[in-house]
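Protein chains in written order, with this note's numbering: chain A, 1 to 584; chain B, 1 to 280.
Derived by calculation from the structure, the hints in this document are not laboratory data. Careful, some of the hints might be misleading.
[To be verified] Per the computed footprint, the stretches of chain B lying under chain A, defined by three or more beta-carbons under 8 Å from a beta-carbon of chain A, are:
| no. | stretch |
| --- | --- |
| 1 | 11–18 |
| 2 | 118–128 |
[To be verified] Calculated from the model, a selection of chain A residues having no Cβ within reach of chain B, i.e. all distances over 10 Å:
| no. | residue |
| --- | --- |
| 3 | G14 |
| 4 | T229 |
| 5 | P233 |
| 6 | Q247 |
| 7 | S326 |
| 8 | A352 |
| 9 | K387 |
| 10 | R390 |
| 11 | W427 |
| 12 | N503 |
[Said to hold, decoys possible] Some chain A residues close to chain B (C-beta under 8 Å, calculated; not the full set):
| no. | residue |
| --- | --- |
| 13 | R330 |
| 14 | F334 |
| 15 | E338 |
| 16 | R355 |
| 17 | T356 |
| 18 | L362 |
Ideal Cβ positions, reconstructed from N, Cα and C, are used throughout, including at glycine.
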Amino acid sequence: MTLKGARERRVATGGVELCVAELGDPEQPTVVLVHGYPDSKEVWSEVAGRLADRFHVVLYDVRGHGRSTAPQPLRGGFTLPKLTDDFLAVVDAVSPDRPVHLVGHDWGSVQSWEFVTVGRTEGRIASFTSISGPSLDHFGHWINARVKRPTPRRVGQLLGQGAKSWYVYLLHTPALPELAWHGPLGRRWPKILERVEQVPGGSYPTASLSSDAAHGAWLYRDNVRPRLTRPRPDAYAHAPVQLITPQGDAFLSERLYDDLEQWVPQLTRRTLPARHWVPRTRPDQIASWIEEFIVSVDGGRPEQKATGRHADRFGGQLVLVTGAGSGIGRATAFAFAEAGARVVAVDRDAEAAVRTAELSRLIGAPEAWAETADVSDEQAMEKLAEKVHRTYGVLDVLVNNAGVGLSGSFFATTTDDWHKVLDVNLWGVIHGCRLFGARMSERAQGGHIVNIASAAAYQPSRALPAYSTSKAAVLMLSECLRAELAGQGIGVSAICPGFVNTNITSTTRFAGVDEAEERRRQKTTSRLYGMRNYPPEKVAEAVLDAVARDRAVVPVTPEARGAHLMSRFLPGVLRRLARVEPRL
Amino acid sequence: MTTAVSSEPSVELRGFRRVQRLAYECAEAVAARLEPGVTEHEAARMQREWLRERGVRDWFHLPFAWFGDRTAFVDFRIPLQFFPTDRALEPGMPFILDMAPVHEGYTADIGYSGSLGVNPVQDRLMADLEAHRELILREARERRPLREIYEDVDRLMVRQGYANRHRAYPFGVIAHKVDRVKQRRFSPHLFGFGTQSLKGLAADALHGHREGWSPLWSPYRFSDHPPQPGLWAVEPHLGFRGTGAKFEEILVVTDSRDPEQGAFWLDDDLPHVRRWAEEK
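For reference, chain A alone in the conformation it holds in the complex (with noise of 0.2 Å):
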């Protein structure tokens, strides 16, 4: 048993004893976690967890599954309507004053569906929060409107996910998937659930897993067929709804839910870079998302202040960004911000990191921390590591920004400026993703780091020769970072920006010069950069998509992408032009 701590009680109804469990101070508002297939409401046991502290948590074993009776005969004891009975009869029990916010994935999600748009339900339902599971009826009309006009790409959604539904096809052949789940299939389920989905293994799925799944198989036999032909027209929500989408769902394609505005009048959009069974392998963000969607119903829905870009999928994840205080670093931590992320803004500069998160705020971060710390000081980045994961927790997402700039040639390159360039631009990433990615890495439920290196990390240039090198590093480590955490669910992405107007230029050494020289060539490249005009809030922008596309190497300006190009299809080019001395 891996619920610990709860309370079991049985509800009888339609000829079923259902079995029921609670958690948490029954006074505190209820949530109802429904299961799916082929799954016990065990499923939920971590989400459960980590809600007991502010709800009255509910869970209970769907009819015919875990420790609930199955109806007799099988064939026509799992429709819809019958399991709307069962869910009633539950919410009866456990909460009959006050109506009750439901949860559901899989096939818990899609009879919460029902339940969330039909009428007798009408007041019992505070909010519904759906995880992979469609509403059949609109996943009925979803069908009709493709078949009835079939452009290319239209016939392209509806091929996919026909192919993603592989299984329900299975499912209607009698007898043999109740025999494959009674032999093979239900003793390797485990292995096959940790090594597909990367379900960590321990006391999940139960011992009543073969019968589970074998009594489940009505449910599709009872009603896909039905209510695909023939959906219901009126099948409107009558509760907010919380859409949670995994990304990298093989049973269902994202496309299913375009239309789904129609039919839900309150919806909130989330996707999450995750695989099927999420209960299982993100219950952090799955947790927190139920619970601030859950909040914000009860507390009158004030207005969502996050509009900006990925708000779906960067809402409430907490984000780290160094060299917060100016340039790409800060317009990165706003981008985040908009998305509505909570934000940990570092900066060496104390005053221009708690602007950051101050702004950050102004703008929907739901909170901002602004933090002092220089990332080349590997004590510093410890003590704040530490104080991270102590107050804010473990970071979704890690922004190594902070760089500084060094020009001159080799020669005139004295150590102590090596010292300098190489402690800030690659020790500064070595320590944060040591230090973060660790933490993110034991946790196990994904993440992402991002290290801003430079176009010069593949472009030569005998202007730049320590920038450069310590930026390919940057780069070299962040493809090497990216092999070792794949597996992991922890995506890795280097960025080289180019030629970008921040304030980098004006704080650039200039190696081998004097002052009065050094000032003056930091003005012309500022003025030159100025005069380029690239934003950094164009670079933030690239930073957001390639975190929720996790795309590897990011060139951003037409500059880098070209030198981009160049350096794997004409690198002698590009050794032709390092060999340019600018002009400043």
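Starting from the structure of chain A, add chain B where the hints point.
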């Protein structure tokens, strides 16, 4: 005109102050009448009519109104985008009214920022504009070259976390000269600018070109000279993620040796200045 300011300040300046106040009154009156659904076109017309009723017959430029992300000049590329559109006001949206009426031969050019209901971002931008008003006055008194002041304003904006939006104005100006305008019975306008005022500006430009100064306050080399005595309509414009805020008012520069007299704001009793005083 240059000498006129220094030799006969009170009468002249009073005329300019009168029209500047009239314009700000207009802005406040129109702002009070804005409600959801009002378009930029309508807001511009409301300003025009309000001022016409009070005797304004000529314009340095016709009234503008920008709503929503147009206050931050998002994606402005060509000057035609300055003109009012059918963008309708929504609750919480920021707006900017900008008008330059000519009254009894005196010109004003003002900018008024506000929002329909609460907009914390714009509030913050407005509060942060105070430092710019102080900076511009201080450096003008120090007789720093216009280009340098421009760059300092720019740097302050970047430090504050904002983008400089006056870069989107024609020639990237942060200010331009204003002057008396001859009253004519017939005062046509060209692309929204009064022809009489344009003539004045062109004359200044020609004049300045010969003497090595410019009537435009810009980041370019032609502004690399100390502020020329006269009246400057100064308009620092902050932009932050689709929200913009600015003020625009007249800075008087004279050839007096006393720094206090060398440069001063024409009027300190303006809506944005009062607002900063109240917040303290």
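Hints versus structure:
1. 11–18: violated (count 0)
2. 118–128: That given contact holds, which follows from 3 residues of the stretch 118–128 of chain B lying within Cβ reach (below 8 Å) of chain A.
3. G14: Correct as stated: the minimum Cβ-Cβ distance to chain B is 49 Å, above 10 Å.
4. T229: holds, 44 Å
5. P233: holds, 33 Å
6. Q247: holds, 27 Å
7. S326: The assertion about S326(A) is violated, with a minimum of 7 Å to chain B.
8. A352: violated, 7 Å
9. K387: Correct as stated: the minimum Cβ-Cβ distance to chain B is 24 Å, above 10 Å.
10. R390: holds, 28 Å
11. W427: holds, 27 Å
12. N503: violated, 7 Å
13. R330: holds, 6 Å
14. F334: Because about 6 Å separates F334(A) from the closest Cβ in chain B, which is inside the 8 Å limit, the hint holds.
15. E338: holds, 6 Å
16. R355: holds, 5 Å
17. T356: Constraint on T356(A) satisfied, holds at 7 Å.
18. L362: OK, holds: L362(A) within 8 Å of chain B, min 5 Å.
In summary, the numbered hints that this structure violates are 1, 7, 8 and 12.
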